[in-house]
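A.B. asks: Spelled out, the chains give:
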Amino acid sequence: MKLLRQLICTARRRSPWLFHMNSGSCNGCDIEIIAALTPRYDAEQVGARLEASPRHADILCVTGPVTNNAVGVVKTVYDQVCGPKAVVAIGSCPASTNVFIDSRTLAGPLDKHIPVDVFVPGCPPRPDAIIEGVAMAAGILAKRGMEEQQ
Amino acid sequence: MNIITALARLLIFPGLLFAVPVAWFFLWVERKAVALMQERVGPPFMQPFWDFVKLLAKDTPPRPGIGGKLMRAWPLIAVASAVGAVSLLPVWPGSGGFQGDLILLIALLEMPSICIIAAGFSSRSIFGEIGSAREAALSLSYNIVFLLAIVSIAASQHTFRLDALAQMPSTPLHWLGILAILVCLPAKLHINPFSLPNAEQEIYAGALTEYAGPELAMWELAHGLEWVVGTGLVATLIAPQISMAWLSGFIFVAISFAIVLLLSVVAAATARLAIDSSVRFYWNCTLIFAVLAVASAFLVRFRL
Chain Z
3 MKLLRQLICT ARRRSPWLFH MNSGSCNGCD IEIIAALTPR YDAEQVGARL EASPRHADIL
63 CVTGPVTNNA VGVVKTVYDQ VCGPKAVVAI GSCPASTNVF IDSRTLAGPL DKHIPVDVFV
123 PGCPPRPDAI IEGVAMAAGI LAKRGMEEQQ
Chain W
158 MNIITALARL LIFPGLLFAV PVAWFFLWVE RKAVALMQER VGPPFMQPFW DFVKLLAKDT
218 PPRPGIGGKL MRAWPLIAVA SAVGAVSLLP VWPGSGGFQG DLILLIALLE MPSICIIAAG
278 FSSRSIFGEI GSAREAALSL SYNIVFLLAI VSIAASQHTF RLDALAQMPS TPLHWLGILA
338 ILVCLPAKLH INPFSLPNAE QEIYAGALTE YAGPELAMWE LAHGLEWVVG TGLVATLIAP
398 QISMAWLSGF IFVAISFAIV LLLSVVAAAT ARLAIDSSVR FYWNCTLIFA VLAVASAFLV
458 RFRL
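In order, the protein sequence lines correspond to chains Z and W.
Quick note, the numbering used here runs 2 ahead of the 1-based positions in the first sequence.
Quick note, the numbering used here runs 157 ahead of the 1-based positions in the second sequence.
These are computed hints drawn from the structure, not numbers from a lab.
There could be a bad hint or two in this list.
Stated by the list, open to error - Pair ranges (Cβ atoms, derived): (1) 149(Z) with 160(W): 26 to 34 Å; (2) 196(W) with 104(Z): 40 to 48 Å; (3) 261(W) with 85(Z): 34 to 42 Å.
The C-beta atom is built at its ideal place from N, Cα and C for all residues, glycine as well.
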């Protein structure tokens with residue numbers, strides 16, 4: 003049984019599938035996520051794959067400061083991701099709402115609405131930082147799965 | 158073929174025990190080849206295996222009612238029929254077979270795509286339904302060419318036995334049929350330029366949008382097994398028959414591997430075609446070609 007648990011943990015660490023969600027971002031961080039998957043940085047080396055449906059994903063990558071209109075969508079998509087799951091907040095916006103702080107159109111930051119595991123700060127963050135954040139989230143995911151089973 | 162050899166072929170070689178690792182290997186080869194074409198490093202060797210294990214250990218959303226039960230059943234039927242199709246391939250010379258096994262192989266080969274169509278509709282997601290409709294339209298167009306190609310090969314050799322077909326000396330006609338099968342394979346495997354049923358990002362994940370966890374793992378496995386059957390069928394028809402069992406097994410795997418590489422390179426080098434272009438491609442260009450193959454197969458036979 004222990005061996006099986008270890009196998010599952012390794013699999014979770016080595017196969018993080020991402021779902022990318024924009025909650026009102028300026029598109030800067032979204033471009034950097036794409037850059038992380040393109041040949042120069044190649045996130046597929048750590049097993050990451052950008053999935054088209056939240057049902058397939060393990061890690062939810064959220065960009066943007068969470069506008070009033072996006073709150074419901076963020077929560078819905080978070081619920082659609084099947085467990086065990088992790089959330090990576092990409093950029094300064096989901097972490098602190100950045101330069102938009104105190105705006106009346108915002109409901110951010112992100113961790114007011116869903117639990118966030120890894121923050122990748124930057125405006126926008128570099129692609130290598132995003133890959134590191136995803137790898138950290140995959141590690142958290144593996145550990146969390148282990149604790150749940152114990 | 159008695160029950161023991163049939164079970165051995167289904168469960169050990171070339172069935173489950175052999176085909177599943179090969180399916181993972183082919184999925185890796187495909188991803189790696191695309192990565193290399195794009196000058197990336199690509200996924201590690203064990204990637205499809207890790208993906209499979211991870212998906213098996215994930216939760217699935219609650220699926221109430223008969224629709225939910227059907228949604229769980231489709232991927233299992235797809236995997237079962239794909240394994241059945243693999244086990245029919247005559248990898249070893251003289252491994253036995255029966256009259257009409259080619260027809261059974263084609264029927265089993267068609268099951269995963271029918272399951273995908275049904276799965277998309279039973280998931281009741283709008284993207285799933287679009288994906289299923291596209292898959293159905295595409296399957297109607299490529300299958301005619303595919304079946305005609307098979308019929309032309311079978312008619313030129315006057316048999317529906319796979320092992321007999323594999324042992325026949327190849328004629329130019331034979332190659333025409335094999336070429337037509339090769340043209341159909343990208344559509345059967347949903348890879349570029351005919352990847353529109355599961356067009357990533359465009360219609361989310363197509364028919365599989367609502368699938369998660371172990372069910373998705375089964376779909377991945379069925380897809381890998383489809384790679385094994387599709388390339389294996391061509392390899393059976395191409396491979397020269399050698400009496401040494403291990404050598405013929407090796408040649409079979411090597412030819413399959415070469416076809417996977419070829420298809421991956423085509424997939425990496427092309428863009429996705431729209432549904433009308435894909436259907437027109439199969440109806441206009443290749444249908445004529447396949448009809449010619451069948452006609453000449455019959456002509457050759459009656460002259461002989």
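A.B. asks: Against each hint, give a clear statement of whether it holds in the structure.
C.D. replies: Hint check results:
Checking the proposed 26 to 34 Å range against residue 149(Z) and residue 160(W) shows it is violated: the Cβ atoms sit about 47 Å from each other. Here the CB-CB span from residue 196(W) to residue 104(Z) is close to 45 Å, well matched to the stated 40 to 48 Å. Here the CB-CB span from residue 261(W) to residue 85(Z) is close to 41 Å, well matched to the stated 34 to 42 Å.
Against the hints set out earlier in the document, a violation occurs for number 1 only.
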